[in-house]
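Student: We have chain A already, so just place chain B on it with the hints.
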Amino acid sequence: RKEVEQDPGPFNVPEGATVAFNCTYSNSASQSFFWYRQDCRKEPKLLMSVYSSGNEDGRFTAQLNRASQYISLLIRDSKLSDSATYLCVVNGDNFNKFYFGSGTKLNVKP
Amino acid sequence: DAGVTQSPTHLIKTRGQQVTLRCSPKSGHDTVSWYQQALGQGPQFIFQYYEEEERQRGNFPDRFSGHQFPNYSSELNVNALLLGDSALYLCASSLVGSGNTIYFGEGSWLTVV
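Line by line, the protein sequences give chains A and B. Numbering (my numbering) for the first sequence: 51 to 160. Numbering (my numbering) for the second sequence: 4 to 116.
Chain B extracted, bound-state conformation:
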């Protein structure tokens, strides 16, 4: 039973560039959420996708966008990268419904220089 998989695991980008991160949810899960975790902080909710639509969004600018595909996998895109975007980006999958547990992938470490 495959867990949540993310790619790439590490990447370095320059300010102003764009980045795409990818996530495949745990088998049987239909909902994907993205989180940003800065050093020393807890994960912050970016947005959530279900049925290929953005269902909820956290307090992140429009530079952060995403997509969910028919196979439930998802992408996170960040445009016009800032130094402050350097963080661990975590994908979490779950099954829609009350109180269902979320499971995280190993994350993508993004460094913006």
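Isolated chain A, as found in the complex:
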């Protein structure tokens, strides 16, 4: 079983739509959770950390469900510039060892 699993998509949505991604993780001892964004042929860049109480950053909302071992990312009012691959990242037993999902591809259409 993979440490982190994501729906690969692609999610094709119109501008202005709300879209949600989920990600499941296998290690119940994981402590840190992140969403990274990766543009085509570029390095991953931190989008946001995911906190136990949930957190919001502008149009982006991240949630953590420890009981079910999944995290989610909600994007409201999608922009063309949101088109990218979104990577779910979870730390392993050691705090500095991170596991990445395969990414969910988002295409926002005009």
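One thing to keep in mind: the hints can contain errors.
List time: in silico DSS-like cross-link candidates among lysine-lysine, alpha-carbon distance up to 25 Å [said to hold, decoys possible]:
| hint | chain 1 | residue 1 | chain 2 | residue 2 |
| --- | --- | --- | --- | --- |
| 1 | B | Lys16 | A | Lys92 |
| 2 | A | Lys159 | A | Lys92 |
| 3 | A | Lys52 | A | Lys129 |
| 4 | A | Lys95 | A | Lys52 |
| 5 | A | Lys129 | A | Lys95 |
| 6 | A | Lys92 | B | Lys29 |
| 7 | A | Lys52 | A | Lys155 |
| 8 | A | Lys129 | A | Lys155 |
| 9 | A | Lys147 | B | Lys29 |
| 10 | A | Lys92 | A | Lys147 |
| 11 | A | Lys155 | A | Lys92 |
| 12 | B | Lys29 | A | Lys95 |
Don't read these hints as lab results, they were simulated from the structure.
Tutor: Just chain B now, with coordinates in the frame of chain A:
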């Protein structure tokens, strides 16, 4: 404040050859991790260096080795290259400790022919 820098950005090697990739971590960071990202996949953890020692290792063969220098910079070496080693190699730096964010360099694109 310099971010994570990697070199070279692109390179082409022949099967059986050896390659060395280099990374300088973000200023103030002491831990360097290397990841391999194949096309269409998420980054896969290769290994991590802290205090000039390999602290953790992912599921990669011994052909993959590394080093960390006193200035925290790091090298990734791959011997006896296979076609399947073609990928984007990402260096990530962080500060040792609980839950600290990792920051990536732009990566080195390796093509093995």
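Student: Next step is simple, just say for each hint if it's right about the structure.
Tutor: Hint-by-hint comparison with the structure:
1. B:Lys16 to A:Lys92: 21 Å, holds
2. A:Lys159 to A:Lys92: Distance ~21 Å between lysine 159 of chain A and lysine 92 of chain A Cα, so the pair holds.
3. A:Lys52 to A:Lys129: 31 Å, violated
4. A:Lys95 to A:Lys52: 22 Å, holds
5. A:Lys129 to A:Lys95: Holds. Lysine 129 of chain A to lysine 95 of chain A sits at ~18 Å (cutoff 25 Å).
6. A:Lys92 to B:Lys29: 18 Å, holds
7. A:Lys52 to A:Lys155: The hint holds at about 19 Å.
8. A:Lys129 to A:Lys155: Roughly 14 Å separates the two Cα atoms, so the pair holds.
9. A:Lys147 to B:Lys29: Cα-Cα ~17 Å, so holds.
10. A:Lys92 to A:Lys147: Holds: lysine 92 of chain A and lysine 147 of chain A sit about 21 Å apart, inside 25 Å.
11. A:Lys155 to A:Lys92: 14 Å, holds
12. B:Lys29 to A:Lys95: At roughly 14 Å apart (the allowed maximum being 25 Å), lysine 95 of chain A and lysine 29 of chain B satisfy the hint.
Going through the hint list in order, the structure does not satisfy hint 3, though it satisfies all others.
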